[in-house]
Every structure is written in structure tokens, then in C-alpha cells.
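Enquirer: Let the sequences and hints guide you as you build the complete structure.
Numbering-wise (this note's numbering), the sequence shown opens with residue 1 and increments by one.
It is worth saying that the hints were derived from the structure and are not from the lab.
Only a predicted model underlies this, so the values are computations on that prediction, with no experimental measurement involved.
Glycine is no exception: its CB is placed at the ideal position from the N, C-alpha and C atoms.
Check before you lean on any hint, since a few could be wrong.
Now the in silico label distances, taken between C-beta atoms and shown as ranges [to be verified]:
no., residue 1, residue 2, range
1, ALA177, LEU132, 16 to 26 Å
2, ALA128, MET185, 21 to 31 Å
3, ALA96, PRO182, 18 to 28 Å
4, HIS102, ALA171, 15 to 25 Å
5, VAL82, LEU184, 19 to 29 Å
6, ARG98, GLN52, 23 to 33 Å
7, ALA177, GLN52, 41 to 51 Å
8, TYR53, PRO7, 29 to 39 Å
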Amino acid sequence: MRLTALPRMLISSNDGWREIERRHPSVGALFLWMVLPLTLLPPALLYYAGSQYGDMLVTGWSDRNWGLIAPLFLVCEWAAFVGMGVFIKSVAHHSAARIRLHDAYMVAAIAPVPMWLSSLSLLVPNLAFVTLAALAGLGAACALMYHGVYALCHMDDAVPAASVTHTVMAAGLLCWAAFLVPLLMF
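Expert: This is the structure we're talking about:
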């Protein structure tokens with residue numbers, strides 16, 4: 001999958017998704033070529049922003065142990081990916097939709113790409129800008145989740161796809177809140 005396909009995948013359940021389904025990359029390849037490199041961005045940029053101008057973003061952040069927080073954040077990202085594939089399959093199954101575990105992992109790998117890319121906003125020492133970029137990334141991730149579930153579950157009705165998306169994204173947000181609160185308390 002090319003990152004240039006993402007804009008089409010944000011608004012369509014066909015464009016890009018059918019190509020990915022046809023190519024059928026292994027979960028290992030998805031992790032190695034997409035998840036691994038993109039998950040390195042947020043911790044690296046958190047470390048950079050926190051250690052270089054953390055107080056410009058949030059008072060007291062320059063004093064945090066970013067050398068510990070960044071690698072822990074990376075491990076949390078990988079754990080979230082591993083758990084999210086299984087969770088997407090489970091939620092889809094309970095919504096009377098069928099998705100293979102492999103396809104659930106494809107959605108779990110592709111949906112968070114905008115959030116990972118939004119971490120590039122940490123290069124700008126402006127909290128409002130970083131917040132807007134993070135929210136835009138979250139919105140785009142929701143769109144990718146919806147269209148990915150709709151496409152890879154081969155749904156005919158938008159309501160179950162929306163239900164799966166809402167459940168998965170809500171659980172993902174709760175999971176990230178549980179990850180971030182202890183990490184940012186270091």
C-alpha cells in the first residue's frame with residue numbers, strides 16, 4: 001500500500017481497500033513495512049519536542065524523563081496494534097459482520113496512519129497547532145476505520161460498519177488514555 005492511496009481510502013470503501021485486499025499482504029509484512037516505521041514517529045517526536053521545547057507546549061514538560069517515556073510509548077503503540085486486530089474481529093463478529101483476522105489486522109494497521117503522521121505537528125512548538133493536528137488525525141483515523149470495516153467485511157449496510165467503528169474507536173481512545181496518563185506522570 002502506498003501512502004498516496006490514503007486520501008481516496010478516507011472517503012471510499014472501494015478505492016484502495018480492494019487493492020489491499022487483492023494484494024493480501026501478510027500481517028508480518030504490514031507490521032514490518034508500515035506499522036514499525038510509522039510507530040517510530042510519535043515517540044521520536046515526543047522525545048524531541050519534550051526535551052527541546054516541552055515547556056512551550058505544556059508547563060513542566062521539559063523536566064519529564066522523555067528518554068523513558070518515548071520507548072514506553074512505542075511499546076504501547078505496538079501492544080495496541082496487536083490487541084486492536086483481535087478486537088476489531090471480535091466487535092465485527094458481535095455485530096453480525098464477518099471479517100477474517102488477517103483483514104482485521106489490515107484495518108488495524110491502516111486506520112491509525114493519520115494519527116501517526118499527525119505527530120509531525122510536534123515539530124511546531126505550538127499547543128493549539130499540535131492539538132488541531134491530533135484531532136484531524138483522529139477524525140481521519142475514524143474515516144479509515146469505517147471504510148476499512150465496510151470494505152473488508154463486505155457489508156451492504158452502513159449502520160453495522162458505523163457501529164463497529166464507534167465501538168472500536170471508543171475502546172481505542174480509552175486504551176490510549178490508560179496508556180498516556182501513567183506515561184505522562186513520569
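Enquirer: Look at each hint and say if it fits the structure.
Expert: Evaluated hints:
For the pair ALA177 and LEU132, the supplied restraint of 16 to 26 Å holds, since their beta-carbon distance comes to about 19 Å. The hint said 21 to 31 Å for the Cβ distance between ALA128 and MET185, and at roughly 24 Å that hint holds. Checking the proposed 18 to 28 Å range against ALA96 and PRO182 shows it is violated: the Cβ atoms sit about 36 Å from each other. The given range of 15 to 25 Å is respected by HIS102 and ALA171, whose C-beta atoms sit roughly 20 Å from each other.
For VAL82 paired with LEU184, a C-beta distance near 22 Å keeps the hint of 19 to 29 Å intact. Taking the beta carbon of each, ARG98 and GLN52 are about 48 Å apart, not inside 23 to 33 Å as hinted. Take ALA177 and GLN52: their Cβ atoms lie about 26 Å apart, and the range 41 to 51 Å is violated. For the pair TYR53 and PRO7, the beta carbons lie near 31 Å from each other, so the given range of 29 to 39 Å is met.
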